[in-house]
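*Asks:* Each chain, letter by letter, is given below.
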Amino acid sequence: MKSLTSHYDSLFLHVVTKAIVPLIQIFALYVITHGHYSPGGGFQGGVMMAASILLLRITLGEASYRRFPREAGLAIAGVATLLFCLLGFASVVFGGNFLEYGMAVPGADPVRLRYWGIFWAEVFIGFLVWGALVAIYDALVTGGVE
Amino acid sequence: MIGQLDFWLMLVLLLFALIALEVRDLLAAVGVLTGYSFLMALLFAELGAPDVALTEAALGAGLTGVFFLVALSFFDRESED
Numbered sequence: 001m002k003s004l005t006s007h008y009d010s011l012f013l014h015v016v017t018k019a020i021v022p023l024i025q026i027f028a029l030y031v032i033t034h035g036h037y038s039p040g041g042g043f044q045g046g047v048m049m050a051a052s053i054l055l056l057r058i059t060l061g062e063a064s065y066r067r068f069p070r071e072a073g074l075a076i077a078g079v080a081t082l083l084f085c086l087l088g089f090a091s092v093v094f095g096g097n098f099l100e101y102g103m104a105v106p107g108a109d110p111v112r113l114r115y116w117g118i119f120w121a122e123v124f125i126g127f128l129v130w131g132a133l134v135a136i137y138d139a140l141v142t143g144g145v146e
Numbered sequence: 001m002i003g004q005l006d007f008w009l010m011l012v013l014l015l016f017a018l019i020a021l022e023v024r025d026l027l028a029a030v031g032v033l034t035g036y037s038f039l040m041a042l043l044f045a046e047l048g049a050p051d052v053a054l055t056e057a058a059l060g061a062g063l064t065g066v067f068f069l070v071a072l073s074f075f076d077r078e079s080e081d
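These protein sequences, in sequence, are chains A and B.
First residue of the first sequence? That's 1 in our numbering, and the numbers climb one at a time after it.
First residue of the second sequence? That's 1 in our numbering, and the numbers climb one at a time after it.
Some hints could be false.
[Stated by the list, open to error] Only some residues are given here: those of chain A computed to face chain B with a beta carbon under 7 Å:
1. Pro-39
2. Gly-40
3. Gln-44
4. Val-47
5. Met-48
6. Ala-51
7. Leu-54
[What the hints assert, rightly or not] To give an idea of the interface, some chain B residues facing chain A are shown, with a C-beta separation under 8 Å as derived from the structure:
8. Leu-47
9. Pro-50
10. Asp-51
11. Leu-54
12. Thr-55
13. Ala-58
14. Gly-62
15. Leu-63
16. Val-66
17. Phe-67
18. Val-70
19. Ala-71
Everything labelled a hint here was simulated from the structure, so no lab data went into it.
Backbone N, C-alpha and C define an ideal beta-carbon position, used for all residues, glycine too.
Please take these sequences and the hints and turn them into a complete structure.
*Replies:* Here you go:
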């Protein structure tokens, strides 16, 4: 079987991939940003973002590492985890529980705070899942070594 | 909801699972397993769980198939048993 890191030479595959990847990513962003009041959410949208990157990885091979570097997966996942933790602990500072968004900013309307709190939690979860799944794929392809 | 559709979806699901277990070419097994996940997503959507259906469609039909293919690229395609 052909190695998955090599470049697969088919014009149709390349044209279709380049056309369809932005559409997948726009739908993924839609699923992430509408996750707090409709089906979907951070995890599902993040999986779709990762799927679009994996499509590039499989069809373009080495050339896809210029568009999405090998280190970017873990970096995105790490930063998103940090931001999620900061969001969770923002309310702890003012005497609330972890992820109790209504307490995050004293004096603000708790309903709006909960709305935006859940929204940003979904966004951070989406980016975390996106980065982590691409990192898992890269580790699998190289057998765990650089 | 739609009783007939439920029945046929579950029947084809069972068929796909048996084929995935029995087929000797592992690449074909991965393909059948991906189809199984897609049917599972249809069943979830039909049972009124769009959230679970979206997860199953994205993860089961999209990503696990790719991960299985990567694992398969390190081994022979033919199953031993």
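*Asks:* Of the hints stated earlier, which fail here?
*Replies:* 8
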